[in-house]
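Engineer: Please build the complete structure, drawing on both the sequences and the hints.
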Amino acid sequence: MEMDKLGVVTSFLHNIVVYNIPLLYGTTGEIIVEKSGSLNLGVEGIMAVGAIFGYIAGCYANSLGVGILTSFLAGALCGLIFAVLTVSLQANQNITGLTLTTFGLGVYFFVGNGLKSIAWPAMNDYPNIKNGFADLPIPGLSQIPLLGKGLFSHNVLVYLAVVIALCMWWYMNRTTPGLRLRSVGENPAAADSVGINVKRVQYLHICLGCGIMGIGGYYMGLNMSGSFNSSCWINGYGWIAVALVIFANWNPALAILGTFVFGFFNTLRVSGSSLAAAFPGPLGWLAGVPTQLYQALPFLITAVVLVVTSVRKREGSGLPASLGLNYFREER
Amino acid sequence: MKKILALALACAMTLPLVACGSSGSNSSAGSASSAGSAGSAGSASSTGTTDNSDFKVGAIYINSKNDTTGYTFAHNNGIVTAMEALGLDPATQLVIQDEIPEDYDQVATAVDTLVGEGCNIIFGISFGYMDALADKAEEYPDVMFSHATGYKSNETNFNNYFGRAYQARYLSGIAAGLKSLETGNNNLGYVAAYGTEYAETCSGINGFTLGVQAVNPDATVYVKELGAWADEVNESAFAKELIESYGCGVIAQHCDSAQPQIAAQDAGVFGCGYNSDMTADAPNAHLTAAIWNWNVYYQTAIEAAMTCGGAENFVTAMGGPAYYGGLKEDFVAVSPLNEATVAAGTQEAIDAVTQLIVSGEWDVFSGVKLHLTVAEDGTVTLEQEDAALVDNAGNEIVAAAGPSVEDGVITGTMNYFVEGVKEA
Chain P
1 MEMDKLGVVT SFLHNIVVYN IPLLYGTTGE IIVEKSGSLN LGVEGIMAVG AIFGYIAGCY
61 ANSLGVGILT SFLAGALCGL IFAVLTVSLQ ANQNITGLTL TTFGLGVYFF VGNGLKSIAW
121 PAMNDYPNIK NGFADLPIPG LSQIPLLGKG LFSHNVLVYL AVVIALCMWW YMNRTTPGLR
181 LRSVGENPAA ADSVGINVKR VQYLHICLGC GIMGIGGYYM GLNMSGSFNS SCWINGYGWI
241 AVALVIFANW NPALAILGTF VFGFFNTLRV SGSSLAAAFP GPLGWLAGVP TQLYQALPFL
301 ITAVVLVVTS VRKREGSGLP ASLGLNYFRE ER
Chain W
1 MKKILALALA CAMTLPLVAC GSSGSNSSAG SASSAGSAGS AGSASSTGTT DNSDFKVGAI
61 YINSKNDTTG YTFAHNNGIV TAMEALGLDP ATQLVIQDEI PEDYDQVATA VDTLVGEGCN
121 IIFGISFGYM DALADKAEEY PDVMFSHATG YKSNETNFNN YFGRAYQARY LSGIAAGLKS
181 LETGNNNLGY VAAYGTEYAE TCSGINGFTL GVQAVNPDAT VYVKELGAWA DEVNESAFAK
241 ELIESYGCGV IAQHCDSAQP QIAAQDAGVF GCGYNSDMTA DAPNAHLTAA IWNWNVYYQT
301 AIEAAMTCGG AENFVTAMGG PAYYGGLKED FVAVSPLNEA TVAAGTQEAI DAVTQLIVSG
361 EWDVFSGVKL HLTVAEDGTV TLEQEDAALV DNAGNEIVAA AGPSVEDGVI TGTMNYFVEG
421 VKEA
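Chains as they are written, first to last, in this note's numbering: chain P, 1 to 332; chain W, 1 to 424.
These aren't lab readings, by the way, just hints derived from the structure by calculation.
Small disclaimer: the values here were computed from a predicted structure and weren't measured.
Hints should not be assumed to be uniformly reliable.
[Said to hold, decoys possible] Partner residues aside, some chain P positions facing chain W, computed with beta carbon under 8 Å:
hint	residue
1	Met3
2	Asn15
3	Asn113
4	Asn131
5	Asn229
6	Phe265
[What the hints assert, rightly or not] Per the computed footprint, the stretches of chain W lying under chain P, defined by three or more beta-carbons under 8 Å from a beta-carbon of chain P, are:
hint	region
7	84-95
8	220-226
[Claimed, not checked] Residues of chain P placed beyond 10 Å of chain W at every Cβ, according to the derived structure:
hint	residue
9	Ile138
10	Pro139
11	Val163
12	Asp192
13	Pro280
14	Gly284
15	Val305
16	Glu330
Each residue gets a CB set at the ideal place from its N, CA and C atoms; glycine is no exception.
Structural biologist: Below, the structure written as structure tokens:
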């Protein structure tokens, strides 16, 4: 069969974005949380909670906006649990994060299975959700051959993810509250001594970051057409997001690039064979790669990235110095 | 204040644990049973002679018994339905060990628990339970063991069971082939959990393809392999890829979720589901699904277990160590056709082939090919032609007019794709 070469490349680019944008939500959210000095390993669970509540509320209200808002609030509520436990009660951050993952997935299945046994809302019955999630080509840019349909013809949540990432970069690096946030993550005692309310900064940004993760979960639910089955919509994306934070060097703008690079390898599994068929000369070898290697590829890449970033010098690293350490004012 | 807060949060955190715990350890049948079973209990028992009120059925599941879709759900549903039909009460007479991974020790422990609960027959539904069940069948000669999808057995109390899903696949292939003729698109897609690694997936793909070719000899089936039994995100992505890059107009599947059908609907093409009728998930795309009626086997097996007069007679009562039911037994079937989508004459064509298979005249993997044509007025003509069964590398599998491929090959060792299948 003669493949449409341009079509295959465009569809590859399109797939990279469509199936990996939740990573950008997760990564941006986690960067904000980590910049406040908290290592939150609960991304997977928080995305699941955001997904299930966002989807249900969005359907019942028949409004994409309500869905986005609810998923944000549901995620933020998980963040609040995390903040109360780690900031106020000084609980171990790693354990709390892992607990949140278990908790979030439990809530996801509890609510989902419960509702499914009564009446599951099908996305097709809610035209405002269905149409709201349809592709909105950007005028002009989407006309570019090859790249246009691949990169600039997506649903509103894709654009929102990029806008949020850019806004967060600007917020962290160009505003006073952003500076305060970074100082709390670097050295909370010093920040405290100049009058910054450390707890308030941490609470606010943990909730904000977790809320953004929640929207990412909602995206995933919509991308799966809201079909609820025995496996989870989030499918490990939360864990990859935690690693992508390091890949992006705690920089939300770089996270956009990181998502794309990572998505490239993730999507080879889907599009590898059609690329091989369309370009038998240069890319024919892709067809010979076993499925299992494609499955492992994103995680191999993660491992390589972690090794490379560990070897790299501390200089220029965005790693907050107090990441993972609870700040206890009386021990200052 | 902090202490109270911490206590409250700790309680909140343990809630899901409690919820999981109760579903995992609760030994009765759960959802599908309670209310309905009491009413039907008296009605159907065909055994009559003995009192079966203390007969107990044990089941080992790979996923949660509370699932509402998928493999474990299908089996649990089948067992509960069969027990109710036999006048047994699933709420008290069915003991379940669920979420048991394919690990020898864990399966062995689950068997010990079920035997301790007094189970007379134990069903294990996942392939990887095989070795543990085989050993435990020797250890407990008074208990009957029955294993789905495996190939081990003994002469007395341990059998295995599986179905001729390829026959149902062939029928769904006819529906897909007729649709491809109607749309004029000879490319069909197939999202498969695995390819040639498992005879189960391989025979399904081949059965489907031969069914397609019976009506559309020019068709090509592009198979894309997931490498996992369940992976919803990629089930959707693979279907979209088959539609967009390979131009497929009908998407078939061997995976749990309805994502491929939903993807087909979103793209305005058609599809054939698997395991359950997926018309509700994709009413504008779904044609028909190849499905299992597990209750057919479970009713046969439980009835045999209750009447055979001792575990040592179980295999004999089941007519041999391997149960391999098909269309004839109604163990596999196609779901009711979606009248909104199927091409004209689909029901007639499927009926004609079903009749050939049920009567034993013909089977899918043989040296005889079927050619079906649907005329303008909807009449179906069925011709049989002696033709070799050839794999997609050109090797002859069965000579023209040769006998069917052996059952053991179809269930265990089939590792080739037939002509017309291409890996995507």
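Engineer: Now look at each hint and say whether the structure bears it out.
Structural biologist: Hint check results:
A least Cβ separation of about 7 Å between Met3 (chain P) and chain W falls short of the 8 Å threshold, and the interface hint therefore holds. Because the beta carbon of Asn15 (chain P) sits about 6 Å from the nearest beta carbon in chain W, less than 8 Å, this interface hint is met. Hint status for Asn113 (chain P): holds, given a least beta-carbon distance of 6 Å to chain W, under 8 Å. Given the 8 Å rule on beta carbons, the hint for Asn131 (chain P) is violated: about 13 Å separates it from the nearest Cβ of chain W.
Given the 8 Å rule on beta carbons, the hint for Asn229 (chain P) holds: about 4 Å separates it from the nearest Cβ of chain W. The beta carbon of Phe265 (chain P) comes no nearer than 14 Å to any beta carbon in chain W, farther than 8 Å, and the hint placing it at the interface is violated. Counting residues of the region 84-95 of chain W whose CB falls under 8 Å from any CB of chain P gives 0; the rule of at least 3 is not met. Taking a C-beta to C-beta cut-off of 8 Å, the region 220-226 of chain W contributes 4 residues in contact with chain P, enough for the three needed, and the coverage statement holds.
Look at Ile138 (chain P): its CB is around 20 Å from the nearest CB on chain W, clear of 10 Å, so calling it non-interface holds up. For Pro139 (chain P), the requirement that its beta carbon stay farther than 10 Å from each beta carbon of chain W is met, with the minimum near 23 Å. No Cβ of chain W comes within 10 Å of the Cβ of Val163 (chain P); the nearest lies about 24 Å off, and the non-interface call holds. The Cβ of Asp192 (chain P) lies farther than 10 Å from every Cβ of chain W, with a closest approach of about 20 Å, so its non-interface assignment holds.
At roughly 14 Å from the closest C-beta of chain W, the C-beta of Pro280 (chain P) stays outside 10 Å, upholding its exclusion from the interface. The claim that Gly284 (chain P) is not at the interface with chain W holds, since no C-beta of that chain comes within 10 Å of its own (minimum 14 Å). Every CB of chain W lies more than 10 Å from the CB of Val305 (chain P), the least distance being 22 Å, so the non-interface label holds. With a least beta-carbon separation of about 13 Å from chain W, Glu330 (chain P) lies farther than 10 Å from that chain, consistent with its non-interface assignment.
The structure does not agree with the numbered hints 4, 6, 7 stated previously, though it agrees with the rest.
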